[in-house]
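Enquirer: I would like the entire structure built from these sequences, with the hints used as guidance.
For the protein sequence lines, the chains are A, B and C, in the order given.
Just so we're aligned, residue 1 is where the first sequence starts under the working numbering, counting upward by one.
Just so we're aligned, residue 1 is where the second sequence starts under the working numbering, counting upward by one.
Just so we're aligned, residue 1 is where the third sequence starts under the working numbering, counting upward by one.
No wet-lab data here; the hints were simulated from the structure.
Do not take every clue at face value.
Unchecked claim - Derived DEER-like restraints, expressed as beta-carbon distance ranges:
1) A:E61 <-> C:S13: 39 to 49 Å
2) C:G76 <-> B:P48: 31 to 41 Å
3) B:S14 <-> A:P55: 12 to 22 Å
4) B:G96 <-> C:E61: 22 to 32 Å
5) C:S63 <-> A:S13: 22 to 32 Å
6) B:Q36 <-> A:R132: 42 to 52 Å
7) A:V127 <-> C:S63: 15 to 25 Å
8) C:V29 <-> B:P48: 20 to 30 Å
9) A:P48 <-> B:G96: 39 to 49 Å
Quick caveat, the model's predicted, so the values are computed rather than measured.
C-beta: ideal position from N, C-alpha, C; glycine also.
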Amino acid sequence: MPLVRIDLPATTSSIEAAAVSRAVHQALVDLFSVPQDDLFHVVARRAPGELVCSPSYVGIEHSDKVAFVQIVCSPGRTVGLKEALYARIAADVEAGTGFRADDVIINLVETARENWSFGAGLAHYAVADRQRPAGRPGS
Amino acid sequence: MPLVRIDLPATTSSIEAAAVSRAVHQALVDLFSVPQDDLFHVVARRAPGELVCSPSYVGIEHSDKVAFVQIVCSPGRTVGLKEALYARIAADVEAGTGFRADDVIINLVETARENWSFGAGLAHYAVADRQRPAGRPGS
Amino acid sequence: MPLVRIDLPATTSSIEAAAVSRAVHQALVDLFSVPQDDLFHVVARRAPGELVCSPSYVGIEHSDKVAFVQIVCSPGRTVGLKEALYARIAADVEAGTGFRADDVIINLVETARENWSFGAGLAHYAVADRQRPAGRPGS
Numbered sequence: 001m002p003l004v005r006i007d008l009p010a011t012t013s014s015i016e017a018a019a020v021s022r023a024v025h026q027a028l029v030d031l032f033s034v035p036q037d038d039l040f041h042v043v044a045r046r047a048p049g050e051l052v053c054s055p056s057y058v059g060i061e062h063s064d065k066v067a068f069v070q071i072v073c074s075p076g077r078t079v080g081l082k083e084a085l086y087a088r089i090a091a092d093v094e095a096g097t098g099f100r101a102d103d104v105i106i107n108l109v110e111t112a113r114e115n116w117s118f119g120a121g122l123a124h125y126a127v128a129d130r131q132r133p134a135g136r137p138g139s
Numbered sequence: 001m002p003l004v005r006i007d008l009p010a011t012t013s014s015i016e017a018a019a020v021s022r023a024v025h026q027a028l029v030d031l032f033s034v035p036q037d038d039l040f041h042v043v044a045r046r047a048p049g050e051l052v053c054s055p056s057y058v059g060i061e062h063s064d065k066v067a068f069v070q071i072v073c074s075p076g077r078t079v080g081l082k083e084a085l086y087a088r089i090a091a092d093v094e095a096g097t098g099f100r101a102d103d104v105i106i107n108l109v110e111t112a113r114e115n116w117s118f119g120a121g122l123a124h125y126a127v128a129d130r131q132r133p134a135g136r137p138g139s
Numbered sequence: 001m002p003l004v005r006i007d008l009p010a011t012t013s014s015i016e017a018a019a020v021s022r023a024v025h026q027a028l029v030d031l032f033s034v035p036q037d038d039l040f041h042v043v044a045r046r047a048p049g050e051l052v053c054s055p056s057y058v059g060i061e062h063s064d065k066v067a068f069v070q071i072v073c074s075p076g077r078t079v080g081l082k083e084a085l086y087a088r089i090a091a092d093v094e095a096g097t098g099f100r101a102d103d104v105i106i107n108l109v110e111t112a113r114e115n116w117s118f119g120a121g122l123a124h125y126a127v128a129d130r131q132r133p134a135g136r137p138g139s
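Expert: Structural data, given as structure tokens:
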């Protein structure tokens, strides 16, 4: 994985929602070494009142057009890599959609590699780790 | 953060849904020392069959009017503080809405402080922790 | 708990969505020793474009009819038990619904036993663990 949940305002078009999803995925591919075909997103559009966001926090102003991006992924990335990921997602979402970088809220939740099945009831990373003990950290 | 996901029955009014959200936030502010402007909630209303809840578990009876409250936050709170948070959320939701305290289901998921960006692609807590190694636990 | 989030295509019938939920729950009961009445699911049906899934990953082909199953539960299960859970969920979802086993994507997120309240503002497992230090791992 990652499994990514993206929550956007109801006024977001399908095209723009897809562009947010693509930007998040490409950042994960480029910075977290997530395979290109390791793509599992839930993109929801929320009516007014459903997406509750502070108008301002830690010096960042938020508009009504905010994007919440919650990424459940495997552990092991450095703080520096996480910082690079946030910067890249915010920049690319701003560049490719009508969302401002300031309005991109990101949260990572890390969970063990054995905690994933990508279909057929197999624990793909657990199996890979048994076969290749010094394998790649995976996604 | 926290990033809070609140799932309520479809029959909940907007006003009542907002009251649940406010009660959860104020409890986090008062008990978990979350800043007042650190507010990021997704409030969803679910059709019948979408919100599946046991009629009874560990001696608590649940009606059809249940509230699921999932709070992703930074780690470090004591068990006692978590217990105080649950008690406060349940009491205040019951006091301020039509939900019974027994119908407030709460789950915390803790994730590292470096796992948050509140906009502009910055890892706000990671930066703060570098600048102030003995800083506040944050939210 | 667990608290389970199941995301399915919008074309899934209510009956089929309920069957997926039941299959996931029964697997948790049988393999993770989750009590039968420890049932808390959010089942969402998603419009096209909202459920973004790779057509193929780690050798598994995915159709448009995918099921994302995210299970937040207590820690402590062995890798072998997790593998048995994935296999059982995939097999039973395929047997009882129109979903293929290959299209069942599963993710576990583990969170401390003190991180749950099942109503009335009580931290049920924290209380149980104080009273019975060598108690069952719980759900």
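Enquirer: So, for every hint listed, does it hold in this structure?
Expert: So, going through the hints one by one against the coordinates:
no., hint, in the structure
1, A:E61 <-> C:S13: 39 to 49 Å, "holds (44 Å)"
2, C:G76 <-> B:P48: 31 to 41 Å, "holds (34 Å)"
3, B:S14 <-> A:P55: 12 to 22 Å, "holds (19 Å)"
4, B:G96 <-> C:E61: 22 to 32 Å, "violated (50 Å)"
5, C:S63 <-> A:S13: 22 to 32 Å, "holds (26 Å)"
6, B:Q36 <-> A:R132: 42 to 52 Å, "holds (49 Å)"
7, A:V127 <-> C:S63: 15 to 25 Å, "holds (23 Å)"
8, C:V29 <-> B:P48: 20 to 30 Å, "holds (23 Å)"
9, A:P48 <-> B:G96: 39 to 49 Å, "violated (21 Å)"
In terms of the numbered hints stated before, the structure departs from hints 4, 9, listed from lowest to highest.
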